[in-house]
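*Asks:* Chain by chain, the residues run as shown.
4 protein chains.
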Amino acid sequence: MPLTDDQLAEIESQRQSGATTRRATVPALEDRLYRAIPLLDHGFIRVIDYMGDDGAIVQAARVSYGRGTRRVSEDAGLIRYLMRHRHSTPFEMCEIKFHVKLPIFVARQWIRHRMANVNEYSARYSVMDREFYIPAPEQLAAQSAANRQGRGDTLQGEEAAHVLALLRDDAARNYDHYAWMLNEAPDGTAVDGSRQGLARELARMNLTLNAYTQWYWKTDLHNLFHFCALRADAHAQYEIRVYADAILDTVKDWVPAAYAAFADYRLGAVTFSAQMLAVLRRLLAGEAVAQAGSGLSKREWGEMMGALGREKA
Amino acid sequence: MPLTDDQLAEIESQRQSGATTRRATVPALEDRLYRAIPLLDHGFIRVIDYMGDDGAIVQAARVSYGRGTRRVSEDAGLIRYLMRHRHSTPFEMCEIKFHVKLPIFVARQWIRHRMANVNEYSARYSVMDREFYIPAPEQLAAQSAANRQGRGDTLQGEEAAHVLALLRDDAARNYDHYAWMLNEAPDGTAVDGSRQGLARELARMNLTLNAYTQWYWKTDLHNLFHFCALRADAHAQYEIRVYADAILDTVKDWVPAAYAAFADYRLGAVTFSAQMLAVLRRLLAGEAVAQAGSGLSKREWGEMMGALGREKA
Amino acid sequence: MPLTDDQLAEIESQRQSGATTRRATVPALEDRLYRAIPLLDHGFIRVIDYMGDDGAIVQAARVSYGRGTRRVSEDAGLIRYLMRHRHSTPFEMCEIKFHVKLPIFVARQWIRHRMANVNEYSARYSVMDREFYIPAPEQLAAQSAANRQGRGDTLQGEEAAHVLALLRDDAARNYDHYAWMLNEAPDGTAVDGSRQGLARELARMNLTLNAYTQWYWKTDLHNLFHFCALRADAHAQYEIRVYADAILDTVKDWVPAAYAAFADYRLGAVTFSAQMLAVLRRLLAGEAVAQAGSGLSKREWGEMMGALGREKA
Amino acid sequence: MPLTDDQLAEIESQRQSGATTRRATVPALEDRLYRAIPLLDHGFIRVIDYMGDDGAIVQAARVSYGRGTRRVSEDAGLIRYLMRHRHSTPFEMCEIKFHVKLPIFVARQWIRHRMANVNEYSARYSVMDREFYIPAPEQLAAQSAANRQGRGDTLQGEEAAHVLALLRDDAARNYDHYAWMLNEAPDGTAVDGSRQGLARELARMNLTLNAYTQWYWKTDLHNLFHFCALRADAHAQYEIRVYADAILDTVKDWVPAAYAAFADYRLGAVTFSAQMLAVLRRLLAGEAVAQAGSGLSKREWGEMMGALGREKA
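Chains as they are written, first to last, in our numbering: chain A, 214 to 526; chain B, 214 to 526; chain C, 214 to 526; chain D, 214 to 526.
Just chain A, with the same shape it has in the complex (with noise of 0.2 Å):
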């Protein structure tokens, strides 16, 4: 469980905190807020605040002096539009911030998207806490041959129990030996009165990259949406694909219409370059085209002939 009772006291008190607002509100997401769902071993997401509602996103589009809704079918359509014709600005109306804990191997992903606002829990001034993150036996996958950044098959039997005890092993002795430089017990005092203890910017360094750390994070729903495209991807990493499928069923709570037109436009899209399009023509045509003659390497004709959901031969 990745948070104590005192924290989930803390969480609950602010859940019972109601107060009246003029401001768009979203029944759905207010009923998540603040609570954690976990992910992974030790970490989570959970919703601290939002701005906007789908109703936003069409208010802005029209630049109205109301609401901006008329009927629900007809927001629903231009939020259609807005997303199929890559209008971005109106979705930058709404906004999102969570608190995420999370390994710093994926936070070293993350931060790469760089249109977002971050507060990170700071390792110079403060104690990490001792959690690191352990593959569950099922994600103990072997390098994929076929693919240079992908997995293969799931180790087995003495290799994976090694592995799983190597990384528990080291993660363990690692944060023992950071504590001990530290010196530094619960109430700010020298655990050994004989030592001066290290600077606690220095001690971290010792740290493994699969050590949690956690941070708030608040984006807009362009950047939001950005950011699931190529993180709920099946080719991204599974340790960061978890918390952009969390992110999404939240998104979809938040603002139904415009994750719909997501959902259509981009993550159940796909892109046909100028010469698969060539190629789709004559298969249209009638013609039997093999990938020898299609001007596609293997890779895109595999690509291509998957999404069609034909046989790649």
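Zero decoy hints are in this set.
No more than 20 Å apart at the CA atoms, straight line, and that leaves these computed lysine to aspartate or glutamate pairs for EDC-like:
| # | chain 1 | residue 1 | chain 2 | residue 2 |
| --- | --- | --- | --- | --- |
| 1 | D | K511 | B | D477 |
| 2 | C | K511 | A | D288 |
| 3 | A | K465 | A | D244 |
| 4 | D | K465 | D | E287 |
| 5 | C | K465 | C | E243 |
| 6 | C | K511 | C | E524 |
| 7 | A | K511 | C | D477 |
| 8 | C | K511 | A | E287 |
| 9 | C | K511 | A | D477 |
| 10 | B | K511 | D | E287 |
| 11 | D | K511 | B | E287 |
| 12 | A | K511 | C | E287 |
| 13 | B | K511 | D | D477 |
| 14 | C | K465 | C | D446 |
| 15 | B | K465 | B | D244 |
| 16 | B | K511 | B | E524 |
| 17 | B | K511 | D | D288 |
| 18 | A | K511 | A | E524 |
| 19 | A | K511 | C | D288 |
| 20 | D | K511 | B | D288 |
| 21 | A | K465 | A | D446 |
These aren't lab readings, by the way, just hints derived from the structure by calculation.
Put chains B, C and D on the given structure of chain A with help from the hints.
*Replies:* The following block gives chains B, C and D in isolation, referenced to the frame of chain A:
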């Protein structure tokens, strides 16, 4: 008055809506929500939505599980510390959205602040309103003799009258020709059935730069402060300064502790260069320093003496 | 001709300068440097500086110590892979800077691309040139009946003549009044000694939106491609499209491999939504699908059939 | 030594390349191109490419047709004016690209500067080098008692020795286990044919935060100055400060006039708050002011007296 009766009714109806929320809520800002603050002759700003409050800054800086707040005085102290040491990311955790109506030449300065989300009323798609900014007589200033991008004395008499007449007549005539070229009745039919009407995206080029446009503008508190530091400054053009001042006034209601820190450490603060610091040390040592031997240019010397409340001689 | 003799001489003198450099250098782009490509009636773009070439994309993607290039074909293959899989950061490693002269209403669309560096000629500080965009007769289009933000047929006869006369006369008159209000001779003295002259920052508001402005604009290749994907598109307004087309033409000389990948995977590519993919599978299975039972709107059906080169019926 | 002989040879071969260019060229920076400046125990920075010089700042500020430069002294004056009045966009017209090798915990601070382009060596795709940062003995500092995120005295004797041994052993052991889990010989075959080897994207999580990574990093001069103002500051962690210092040293060769302005108006400048200004005026009026009645906190008082070169009592 910048708003029609229909628009006022839409706004009032939106103000009637109320919902319960678990989010951070600021009563003083709720009270302002949606209502237009008139600016210049036809412009306004109105707050459409907001996320966060003073507590949200503290909560993010501490990456805390609950509200983050301790005693109000402790929070204010942390906020002052963050502002003083230029920790910008906690201030990015608050977000605000405005609906702004403003002359196009002001919009062109404003848009140079890139760290914001904007949806502008589209003159490709819609017909512009017949409204233009005409300066009040006391704002009709001559070119400054001292400063190539500033204003000098107010124009008087015939010259002032003629300038106002030109601005008024040219804007009105150009708008009327714009409307004639469009050839479009309010219901979308042609005014003159024998003419096709020019495309909106072309006709708009006949409008003057004092025509009013409007947009939804959303940014975070850090970037809002940066905008205000530059645009509420005495060197900013009056016509954008009135917007920055009205925004600051709103910020004061929204995040009073952050506003106070901004007022002390930015608005009311002065930066002394390395050379100015050297002069300051000599002055404090009781030395009589004159501009000539100060290492400062006349302009810098004047700025420094002004900041210290001293004679410039 | 958009340039004076003095400006042409300045440009030619800059072109004479030559230095030896260890940096990546592209002869075809060197050949274009500084020279203005005329666009519209008084506008232009000219390349002022650039950083990187096709090899720099590869070098960064591999984080290599040397030039990064292997065989040209291998590099091109990597660039195509990066483009296909939307790896944007290697393309950000190339940077280009343009000097652009363009009508203000075009500048207002252009500036919405925030990921760029811009220095615009300041009408607060300087006097604007007496130049405005007047569309060529074949560009004088009526409002599109089908598309609220597009163009229809070209205006003809008297209507066309009258529109052109209005655009010309209004721009000229407004400029002349601008100049009168400034009351400023080329040497900075007053034209009429009995008048003070209106401040430049105010007088400019009398100009029309087809007045020409100019700026230095610098961006990276990834954002340049994004700009071109939106602005060289058939849906973009003609007056900005001519700039995007000229930029693309320059890019072709600068980074030919990246340009080719962009042409295949963006410009010439089509994205099919989830619903369109379903239709595609049915078509490939030999089914006769009509718009009615397709799950697509008429507009989407039309777009899809257009992309496939089929009858829309 | 951070570079292998092969890498040094690649670098030297790149340095031999020379081409003629019409672009702004800075001989002092050309001389540094590609060569690594060693930092910490295994890190470095090296300049890979650059765009612009002091003249390019002036050229953009003036939106000029030619080189933009007049007399050198006039240009330097304009650059100082731009820096003093926080005109940031002309400085954005210069761009520089570095190849940087740095410990991961430093990379994590660095990446928080979002306004830059980055390509990092991918541990999903490639195998990391066996290199980790071990502080020099004089950098092995205790936690500061006065400042929660600073360093105090240097550790001595046994404690120091033990800390160094722990850092060294843990990093080495974790790397060796990382290599064992990968089970991958330099030629890509398995070391132990009976094992599959863990996917690279998983094995990397066993590395410590002092492992070295590397990236290509590109930014403009304005954002570079901002980075240096924060990271070359006395409050920055030593391990990132050495990089910021080395960058500043490079900037001095590249754009000497801009560097001088930055040194005077940022690095060597001090900002006094509204309250500090009030104290300053009282001091200059000859009043004896003590912290107690100053309106400043002890910390602020100390900072102010330090800036003025006065006793803090």
